[in-house]
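Undergrad: Protein chains in written order, with full-length UniProt numbering: chain Y, 1 to 635; chain A, 1 to 610.
Because the hints were derived from the structure by calculation, they are not lab data.
This one's a predicted model, so the numbers in the text were calculated from it and none came from an experiment.
Derived contacts from chain Y toward chain A, CB cut-off under 10 Å, selection only:
hint: 1; residue: 162
hint: 2; residue: 164
hint: 3; residue: 318
hint: 4; residue: 417
hint: 5; residue: 420
hint: 6; residue: 429
hint: 7; residue: 526
hint: 8; residue: 581
All residues carry an ideal CB built from backbone N, CA and C; glycine is no exception.
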Amino acid sequence: MAARSYCSPALLVILCSLSLLIVIHAQATTPTPSSPNLSADTKAETPKAAPGTAVEQDKQWEPTDLKETTPEKDAAVPAESAPPPGTTASSTGPHQKEDFQEELVIRPLHSGDIYASFQFRTLWETDFMKGKKVSHYRLFPKSLGQVISKFSVRELHISFTQGYWRTMQWGQPFLPAPPGAELWVWFQDTVTDVDGTWKELTNVLSGIFCASLNFIDSTNTVQPSASFKPLGIGNVTDHRFLRYATLPREIVCTENLTPWKKLLPCGSKAGLAVLMKSEKLFHSSFHSEAVHIRPVCGDPQCKAMSWELRQTLDVVFDLHTSGQGKREWSLFKMFARTLTDACPLASTSKIYVDITDNPEVSTPLLSQAVVLGDRRTFSVYDLTQASTFGTMRTFNLQIKWKRDMLRPLLHAERYVAGYGLQTGEIHTLMYNQHPYRSFPVLLLDSVPWYLRLYVHTLTVTSKSKDNKPSYIHYQPSKDRIRPHLLEMLVQLPPNSVTEVTVQFERALLKWTEYTPDPNHGFYVGSSVVSALVPSIVAMDTNNTQGRPLFSSFFPTKEESSFFIRVYTEPLLVNLPTPDFSMPYNVICLTCTVVAVGYGSLYNLLTRNFQIEEPSPGLAKRIANVIRKMRGVPPL
Amino acid sequence: MGLLSDPNRRRALITLLTRLNAPICVVCYMAGVAWFMGLAFEPFTLRTYMSENAMGSTMVEERFPAGERALATGREFAAHKRKAGGMPVDWLVKTLQARGLEVFTQRFSRTLPFPDENKERYMVKGTNVYGILRAPRAPRTEALVLSAPCSPGENNNQAVGLLLGLAQYFRNQIYWAKDIIFLVNEHDLIGMQAWLEGYHHTNTTGMDWSPLQGRGGSIQAALSLELSSDVVTSLDLVLEGLNGQLPNLDLANLFYAFCQKIGVLCTIQGKLQRNDWDSVSGYSHAVQTMMLMVMKQASGRPWGDHGLFLRYHIEAASIKGINSFRQYKTDTTTIGRLLEGMYRKLNNLLERLHQSYFFYLMPSLSHFVSIGYYMPAFGLLAAILFMRALDLWVQLTAPPLPPEEGAAHVKQSSPGVLSVLTPLVISHVTGAALYALPIHFQQVAVEHFPVSETEAVVLTAIAVYTAGLALPHNTHRYKTLHGWRVLKLVAVLYLAVLLGCTALINFSLGFILALTLVPIAAFVTPHVPKVLSAFVLVFLSPACTLLFSVFFFQELQEVPVSFQEGWMLFLSVISQGILDHSLYGSLVYPLISLLVYPCWLLFWNILFWN
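The following block holds chain Y by itself, in its conformation from the complex (with noise of 0.2 Å):
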């Protein structure tokens, strides 16, 4: 053992010096954001090589109190901090470059509970759309990318939560997503079938992510003209390939999270991705996980395009209900495992702790973003370094919690009005909380057929007064066809609740299309509350530059505002409902009665009766037959 922990350092220096210069000259036309924490022999051997701008950019995003780390740590294990972005760049092609970052951001929430949000993304370099056929994979799954080839994808988002994110104790998460499954694409335009497209790829996504995206088909399927717009480059916002869905009735489980894991580079066995233990993971109170494919810019220039895939989990995990009043957290109380290594293959694997709300905790770096409108800090802890470990080769932070009240900007809820089971009213309601800002949301409803909208009494009330929506798409719903789709665009007047209310009627099912639960209720899926908020500080508008991963999903186009999705709770609606205990006595008694009952009653009714002559006897009839004959009457 001793003889080879000597002899790999120097193996693992030539190696490194090697694949080193291979990646100098790759960086050279296009600099991804390459790792910020290059241990130091590392560093001392590329100073001039290294991109001038990545530095710059480090500098950027860490403006505070970037310490040195020790050179006695490093030395101390300097086998343990090479490789990791060695081997990452050796194996890197020539042709087509690979990217994988993964990173962790832990927040305390207000109401004591505990946010954790995994980010992984694999940048690659390549082309699926121009006709050539990709088959080489080496980071990027390849059952992701035969998808988006075959089924011409620009963009496909999806996501799978277990519960309700409670905006009101815990303000923005960092990917909003709604309770259960939801999904949408952007098709390329050369797209023709679209529809027919849009029912393979669900199918296909079925598959993939064992999940129920069967029973996504045209009724739940709307393409909603405004509220969803491309979050990658390209211009088309042509919503005739857009198509959105969401089936709110999804329940999400480790049979969903098994597939989502098996999509990362290192899958579970390494790096972040250990900590994704699924009984922690569902021992929560919220758990969500998505899959987001979009392509963006390959350099500054955006001359050439990389497609991202960005695979998300966040998970909230409740102290109340495990720590026994206890407010301190530890990553082995969240996961039960803790960290030992980061993924061999991610250029960079990080850890953001909020420590906003407590400042005075001391750690190796800092870190100030701006996130949702809001500058916090963070402090940073890099996984790819040796020292982050500490001797212990294993990596366990704690951090204690502290209180106070948050008033988040923007939220929204909804529910359902009146009683019995004829008519409801949808009420919908939106808070903006901003003390003098007002601005303006998109409101996206999709309501099922079965429940009827009447659109003559939408209203619109801010402050108890009507507001009118400066833009309204609705379209009708076919019965068993297509559902509602309502779209608004609604300005919020600052301090104020926006109540949005329409009623509906239920409609009687066939008896066939009810569930086979049909007294638990038919959900209604989420509204998607779409804004840009005004922001308190500036938020930055350069996409390229590396920021952390948590924060650079949506593209901000100016710095006075940022965009955010609020999705209310869905709807449980129970419609008028047969009683199925015992349906072949029923039918078999009603059909009984209508025919025994109302056959002789009619009977009865229209006919008149008389009584009948008994017929005469044949001797009567023959003594008949002579008196005619003989002019007598008859008798």
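Go by the hints and put chain A onto chain Y.
TA: This is chain A only, laid out in the frame that chain Y set:
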């Protein structure tokens, strides 16, 4: 049907029916009453059983440990309640928040149409406090409610304490799939009405309430807890809700199952179950229990805070702790465990409670009478009306023997139908007056007579009711032979439809009304002795039925009253009925005044036809 399509046999059948009409009616009436009384006999009833799969087979463990702490919280609540002189809103909000719930409040105010003298309230202002325990990984689509009223005086402090204790204990459990709402409502039913209207954003009774800030989706079931002592001897289950609605029988089964499992004495209508069904006293005990349920259901009032949930299709029941002089006591921990078990099972529900019966009577907690068993009792009474109607119809259409009389009959029949209209309109106008005048004229009455508002309302109602008897109902323009028959035919069919519909919705009310009104409908003609019949008619009128019901109810509850007290109770029941209608939307008062009373007036009119 072949029987009817043969004219000879049809004629024979009709002759038989008309000739034996009176005996058949008497037999039907006796049979109906006998059938009804037989319902309480145990061999004729079914044992209760759990129909809902999700609650039947799954096992839950009850581990609630903190009964003593809950009582301490209850005492703390009592202290704060005394200090605040009402609902200690701030303290409750703080306490619920400390237990890790999302806490919201709702203010409401309501001015009653006239002062409620039983509860001494007129202008009601209050606040409801509720905390929502969010189920982990649930999308806020379903909820369960546990409520405890904040009552004046020293009542129900233990209920609030136990509610807070359960909230704390439930918060630390991971298995919840539905949000649980812990509600402390002020001014009992008025607060509950405000909260439910706020939750469902409806306004049926014109109450002022502030909108709710937090919701948990569609409520699947609710329990209301009333507990006024540290230990109880038994728990009483109250099912009767607004307009005689009942929760699904599975909720009662659930309660019974857990009482059996944990070993708590449980009662219904305050009556323990007895095992000696074959003895006379055992049978009469069952009859008493069932009759109490019938009387309560017929009243159409909510008999606990749960009663208002039923309108929203939420299965709900009240659980009342009773502390009597028995030796055997149950402590709060055990009650907490019972509730925990019930909530865990309700939490397991996949669908709303729908498997079991919604229409039933309970002669004991372990036995029930389903709609299929009790409806024949009513059917036998209703059959009398149809027999009488058939008889009248035959009399009206029978071809009279002399031909000239037949011609006269054809001439008379058209004014006969018209002449029915006048008494119909007059009686219904009287009914409308009975419905509207008491509340609208209370101001005038108070100014002119030395009475309080409540007395004014009740006395106006009685005055209008009595005045209706004296009104001339008939213009007497057509002194026809058959006129009263047409009117009686209409009245009998009207009564049959009216009672039939009432019995479908609220069997007890329909049956009690049928018991008294059907004999009237059967025997009244202009030719019976006037004075005696008038006396019988008044004796069996809806108001007198109510008076007897009051005495009977007191008798059943084993607190008999003197006539004077009974009369006072009768007056207060009338005012409560009117209040129930305007506060909670109970339909009994409008039903009686707008439909049943006019119908009865028609029979009164027939008696005085000539």
